[in-house]
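Residue numbers (my numbering), protein chains in the order written: chain A, 1 to 113; chain B, 1 to 114.
No lab work stands behind these hints, which were simulated from the structure alone.
All values reported here derive from a predicted model rather than from experimental measurement.
Using N, Cα and C, we set each Cβ at its ideal position, and we do this for glycine too.
Certain hints may be false.
Beyond 12 Å from chain A on every Cβ pair, some chain B residues (computed) [as the list claims (entries may be wrong)]:
1) S22
2) H29
3) Q37
4) G42
5) L43
6) Q44
7) L46
8) E52
9) N71
10) N77
11) T80
12) L83
13) A92
Reference listing, derived: stretches of chain A covered by chain B, where coverage requires no fewer than 3 residues with Cβ under 8 Å from a Cβ of chain B [unchecked claim]:
14) 68-77
15) 99-109
Residues per chain are reported as follows:
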Amino acid sequence: DQQVKQNSPSLSVQEGRISILNCDYTNSMFDYFLWYKKYPAEGPTFLISISSIKDKNEDGRFTVFLNKSAKHLSLHIVPSQPGDSAVYFCAASGNNAGNMLTFGGGTRLMVKP
Amino acid sequence: KAGVTQTPRYLIKTRGQQVTLSCSPISGHRSVSWYQQTPGQGLQFLFEYFSETQRNKGNFPGRFSGRQFSNSRSEMNVSTLELGDSALYLCASSPDGWTNTEAFFGQGTRLTVV
């Protein structure tokens, strides 16, 4: 039973345009959400996070939106750059669960010059 | 500040052997978690250690075990290796265990079982 799902395995975007990566979750106990970027054979790199008490968090070119009623979050990258090409994972954790993260399956983003 | 350090980076073992992987967290971080990444199953949580105690455990067989030392360094051990244990093993450290915070990952250990 996948509690965190990223339904798009891949996404291709033109340089300079917006990239929107989506993530859905089923466990209503999740209250903290994170996005990671990963290159092959390397560990995930933290990008941005959001607490369930917020619906938006912004950091430079990256913005995460959370819709609790729909159990949906999205990562917006504006403007997209070729260096953003990587696999993006969303992850979730629940209160009192320590630092146990449940990951989605990932979305491969390709930004074309 | 040094990041999370995992050793070794690459490892080749034979079926039936055992293996020990090491992780040094970011200085001051007390929580260490381990994850397994495979093409078929994605990133899956193995276990978390905080203050030398296992606090959370994922759905893996007992062949997978770990420990944490007083300096927060952690090791994970896999006994009686199977071909399906071939994966990228990732360690993540976090400052503490009582608030939601981001986890910082090491580069991983690529384990190949032949």
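Consistency of the hints with the structure:
no.: 1; hint: S22; result: holds, 15 Å
no.: 2; hint: H29; result: violated, 10 Å
no.: 3; hint: Q37; result: violated, 9 Å
no.: 4; hint: G42; result: violated, 5 Å
no.: 5; hint: L43; result: violated, 4 Å
no.: 6; hint: Q44; result: violated, 8 Å
no.: 7; hint: L46; result: violated, 10 Å
no.: 8; hint: E52; result: holds, 14 Å
no.: 9; hint: N71; result: holds, 18 Å
no.: 10; hint: N77; result: holds, 20 Å
no.: 11; hint: T80; result: holds, 25 Å
no.: 12; hint: L83; result: holds, 20 Å
no.: 13; hint: A92; result: violated, 7 Å
no.: 14; hint: 68-77; result: violated (count 0)
no.: 15; hint: 99-109; result: holds (count 8)
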